[in-house]
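Build the complex: two chains, separate frames, hints provided.
For the protein sequence lines, the chains are A and B, in the order given.
With the first letter of the first sequence counted as 1, position 13 gets the number 13 in our numbering; the numbers rise by one all the way through.
With the first letter of the second sequence counted as 1, position 236 gets the number 1236 in our numbering; the numbers rise by one all the way through.
Everything labelled a hint here was simulated from the structure, so no lab data went into it.
Don't take every hint at face value.
To be verified - In the DSBU-like style, the derived pairs of lysine-lysine whose C-alpha atoms are separated by at most 35 Å in a straight line are:
no.	chain 1	residue 1	chain 2	residue 2
1	A	148	B	1267
2	B	1267	B	1107
3	B	1109	A	142
4	B	1321	B	1309
5	B	1321	B	1107
6	B	1309	B	1107
7	A	148	B	1321
8	A	148	B	1309
9	B	1321	B	1267
10	B	1109	B	1309
11	A	142	B	1107
Stated by the list, open to error - Derived Cβ-Cβ restraints for the label pairs, each shown as a range:
no.	chain 1	residue 1	chain 2	residue 2	range
12	A	318	B	1348	18 to 28 Å
13	A	318	B	1021	48 to 58 Å
14	B	1132	A	42	48 to 58 Å
Every residue gets a Cβ at the ideal spot worked out from N, C-alpha and C, and that includes glycine.
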Amino acid sequence: MKPDYVRPLDLRQGRIDLNHGAGGRAMTQLIEELFARALANDYLGQGDDGAVLPAPAPGERLVLATDAHVVSPLFFPGGDIGALAVHGTINDVAVMGARPLYLTASFILEEGFPLADLARIVHSMAAAAHAAGVPVVTGDTKVVEQGKGDGVFISTTGLGALPAGRKLGGALARPGDAVLVSGSLGEHGMAILAQRESLAFESAIVSDSAALHGLIDALLAAVPGVRVLRDPTRGGLATTLNEIARQSGVGMQLDEAAIPVSAQVAAACELLGLDPLYLANEGKLVAICAPEDAEAALAALRAHPLGRAAARIGEVTADPQHFVQLRTTFGGQRLLDWLSGEPLPRIC
Amino acid sequence: MKYVDEFRDGTLARGLAAAIRAEADPARRYAFMEFCGGHTHAISRYGVTDLLPPNVRMIHGPGCPVCVLPIGRIDLAIRLAFERGVTVLTYGDCLRVPASDGLSMLKAKARGADIRMVYSAADALALAQREPGREVVFFAIGFETTTPPTALVLQQARALGLANFSVLCNHVLTPSAIQTILESPEVRQFGTVPLDGFIGPAHVSTIIGSRPYEFFAEEYRKPVVIAGFEPLDVMQAIRMLIRQVNEGRAEVENEFTRAVNRDGNLKAQALVSEVFELRRSFEWRGLGQVPYSALRIRAPFAAWDAEVKFGLDYRSVPDHKACECGAILRGVKRPSDCRLFATVCTPENPMGSCMVSSEGACAAHYNYGRFRDHAPDNGRSTPPATIRLAS
Ligand code: SF4
Chain A
1 MKPDYVRPLD LRQGRIDLNH GAGGRAMTQL IEELFARALA NDYLGQGDDG
51 AVLPAPAPGE RLVLATDAHV VSPLFFPGGD IGALAVHGTI NDVAVMGARP
101 LYLTASFILE EGFPLADLAR IVHSMAAAAH AAGVPVVTGD TKVVEQGKGD
151 GVFISTTGLG ALPAGRKLGG ALARPGDAVL VSGSLGEHGM AILAQRESLA
201 FESAIVSDSA ALHGLIDALL AAVPGVRVLR DPTRGGLATT LNEIARQSGV
251 GMQLDEAAIP VSAQVAAACE LLGLDPLYLA NEGKLVAICA PEDAEAALAA
301 LRAHPLGRAA ARIGEVTADP QHFVQLRTTF GGQRLLDWLS GEPLPRIC
Chain B
1001 MKYVDEFRDG TLARGLAAAI RAEADPARRY AFMEFCGGHT HAISRYGVTD
1051 LLPPNVRMIH GPGCPVCVLP IGRIDLAIRL AFERGVTVLT YGDCLRVPAS
1101 DGLSMLKAKA RGADIRMVYS AADALALAQR EPGREVVFFA IGFETTTPPT
1151 ALVLQQARAL GLANFSVLCN HVLTPSAIQT ILESPEVRQF GTVPLDGFIG
1201 PAHVSTIIGS RPYEFFAEEY RKPVVIAGFE PLDVMQAIRM LIRQVNEGRA
1251 EVENEFTRAV NRDGNLKAQA LVSEVFELRR SFEWRGLGQV PYSALRIRAP
1301 FAAWDAEVKF GLDYRSVPDH KACECGAILR GVKRPSDCRL FATVCTPENP
1351 MGSCMVSSEG ACAAHYNYGR FRDHAPDNGR STPPATIRLA S
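Bound conformation, chain B alone (with noise of 0.2 Å):
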């Protein structure tokens, strides 16, 4: 397109390229996971995956807000606004995910259920401010980055005692999904996901700072390079994770120092935990329940708390059966693995949560790399945008 954008450089993109093929030891293979949906939807949009050497793979983690978010929770939001006649506000992409009864929000919304979207906390906040007849819940879903806006709604609703709104909250935490996968058996006892470093996420880590993947390096020995959506970011993460791979360290590093400091934004940090605390455990969608993983709304603000103020019993439902976003999620198959992609599966019906957003593996690589399944063989070895794995 036709704007100069120093991120988006092609010059300098097959510069790096250059560098990373140069860099990368032709006997040795490299797998990375990108954490972070947004660096999967970098990766597949660029098509960085063709700029680099067949030996340095990419692997897509659970990063996608919407990917993770387990059937259960969902079932709560279409229950409220089916059962308690609330209006429930989310964001677009939640719309989709698929829920129970072959159900999703955009379904039950076209049954009846008032279910709106909407594009930040602050719009739900107002509705219930105009309407103060509607009783108002925000669904309010993702990582780090987006919960400080949704702490800050609740302290608005507390100082403004608005009765009629709450917030069903499923804030989850980079942290402890990395550690989950880093102590799963696939990574740890049967080696089948070859692992040697992670990409970290952008936005979180602007919130959360470095500081909490040293962990990781030191307790695993992975390298942790933090990278910016941009696709040179990404290509320049890998590059630096290439090198110290090369040199046997295992340190975190920042590349995105542009944004990104060891401490994170401690306003914002305050903020989250005087409005939420740790969930003892939480369900994600692929990696079950996961402790530690989530957040949820501390005693104070409790009246604005969907789950208390309704009394929401949460209930498991496990996926499709032949559905293999969990192996995904984990980097342990990659989407054209599943029997449902592409066919049953699409983006249009989407069957698995890996499927709605562009930021999750399955609709990334549907929208962006399908092409390749079909490609006739030309006796190259193009990358695959995954790797493939036996179950």
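Pulled out of the complex, with its shape left as it was, chain A reads as follows (with noise of 0.2 Å):
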């Protein structure tokens, strides 16, 4: 119980200091007024310092993933760094064909954060938890001096149930099979974009920050046998197609004029000199599965409000390079390769 004599948390004025992060009463307050009571949960109000969660069924296989959140800035049109730790952590254990079932959440905080950012963002991360049905059952919390952090940066991690004799994984794409994509490519990336500063670019490009893990439950119940499923977050489509050529060993050849883009975010990418292939998403799924699947998933994805704008944009190839080409809106042939470095605005 908490003493009467210690005041409640200033979440409107006060800031994150070097006492949050040091075990004792501040930490121990600022988890019960703010973590717990957000995201409250029957593994959580515990308090221990891990979760007793139940096995899974019998027959089935546990799904782990991990990913560390770093995003300036905090807060963007469409999400913030709160519910994007939530929906990236359920997409990486979902893409695996997994039922995810819990989270965990650590938080490495700068000192002098103000309480009232902190605040939003876990009451966010517990908006995205509740409405995806994953809660975060255990957590961590550290504070590192001013300077030594930008603010904060969120780990999550996420375990789920995969479906006995449920086979999916980014080796297992063969030539022939088709490429699909959940719709528009680039809004993550270039809603963030936007808001830096220094780019004084208006826009309303929105995050497309989501949770996949319903749509795709859409999609393997009407193909079961979709032989990979990735989410194209960092480094875009052409990345996730990369590593997907490379684990396979295939090659793939695209057709850009099918690839869906928004025209804002077109727009945007012409302006700055950029390629909406390569910026970040993170609610954009790509499935490949065997060409005569090909129609019953892009009707299941298409029946869904998160797979609205799905399209078939190219079909996987046998190609010693593992090259993922494209036929561009011109007719020409080109290379989409890895991405190099950042992506930069051209100088000319």
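Pasting the structure below:
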């Protein structure tokens, strides 16, 4: 029990100080009054060092994924680092074909960080976890000195159960397979870029941050034989497809005209000299399936609100060099290579 | 991608490609240099070479601003950051250009130099204003297009009497580079680089106009067509060049009339000439010392000229021995002729400057065209991205 003489956390004016990470009363108070209250569930409520979880059903296997989130700015149109930390990890578990069950979260907070911002982030996390039906069951908090962090870093780990017999993986693509995406690309990356102050660039582009397990459920129900699922986050579609091509030892041939990109993202990319196929997505899915399953898979994706703009964008090819190639809107052919370095605006 | 853009229309492109095939005389060869990196990028990015007949070849010229930046100039910036403790600000691509001692600005930054990326000259000035205690140097590069914004911040810095801001000026001029190529022995004496005409730069020409190219057209009998950066612009320019060659004309034509006129932007030119003057000579990567090819800051602005302010002395540093950037920038070789290409030299770890920006010939070929080097010979001769020539 909290003794009466402890003043409640000042969530409006207060700031993180080193005490909040020292393991003493201030830290307990932060956890109780903010984290445990916002993220409330039975496991977290126990206040123990870990969560005791029921074993999965016989034949099921566990899937574990972890993700560290460092974004600047912390708040952006369409989301914030909190919701992103939930969605990103749920998606990592879900694209393995698993049912996401639990999350853990660890926060690295920078001394001086406003408690109001932290509260906003934690509540957004709680809302995202609640909407997804995946509770945060245990966590950790550390505080670093001012200048040694970027406000907040959040690491999340997700645990999921993989139904017996289900087989999905980046190494399973075969020549002839169809390549699908669940919607238009580049929105998260552009929403973040447009927010960076130095770009002085007005845009209404909103991050696509979303949990994909519902969409994936619908897809796998319609086409249980989907071979590869992946969420094209950092490095965008181009990097994701290159990863899969290398893992599977294949190449790919895409049709640029078939790849969905919103007019706004396309225009912003044009202005900045960027390629939307390299921009991050936080609520999009890449699926690879046998060509005869492609129509059913597309129909299942399009029937879900997160997959309305799903499209078939190309096919897997036999290629010892593992090149991902693109037939341009122009009718020419080019490589869609790995991202090298950060995507940078052109000079000239 | 699902947006209609009149300059990207695939159907129009195929129509233009058919027109080019119809007009190109199968009995002759056409070799055109696109001077500007923006065109190199557009050609590779949209696979334009696939749409050209095999006897029409595009040669990539030295118009990528980071590709022509010699090692010694980047060394100056790194030395400033390390030895004088200044904050160096520059455009993104500059950070990866190889410098001496295996360094680049990016690697120097990782070793503690305060080097940062900015999106504009104005951002650099703003930082100096915000933090008067910090010594800020803007590392300015680029052709005529990026010069006016640099001139503007110099004017503003003087008006503000800003003591903690200066510019390390590396601005270069397009016409002198074109002239150097036309005067090169490969073009003039040996004919190893057949050059039937130029695609003139887009943005550069919005500033300087089309007049400066008239000299090349007349003096060297080379047609010049100024074109926009859209792939359809490039194809239209190629068609116009083919026509000139067929008709034996050598004129300056303007495909980019929506932005370029004969005289250019006189206001910008006046601004530039108030702040800058010609350097007698400037080293270009790949072209060596080129007379009257770059700008330096005029005396009234000396207090904001980093070279004067910090008493910098320039030292020329040779490129990596096996790097063929020089030959590539002059159109003598193509990227895959370099032993380092795609082995030692990659965009992640560039050995030469052509591998840095996607406007550079090596990076463009690596990022967009490398699959051609591995394509099984199907008997059909696909035109190479650039020409293979004996060195
Ligand atoms: S491959 Fe690298 S080293 Fe070779 S010419 Fe190109 S940039 Fe220079």
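Tell me, which hint numbers fail for this structure?
When the structure is compared with the hints, numbers 1, 2, 7, 9, 13 turn out to be violated.
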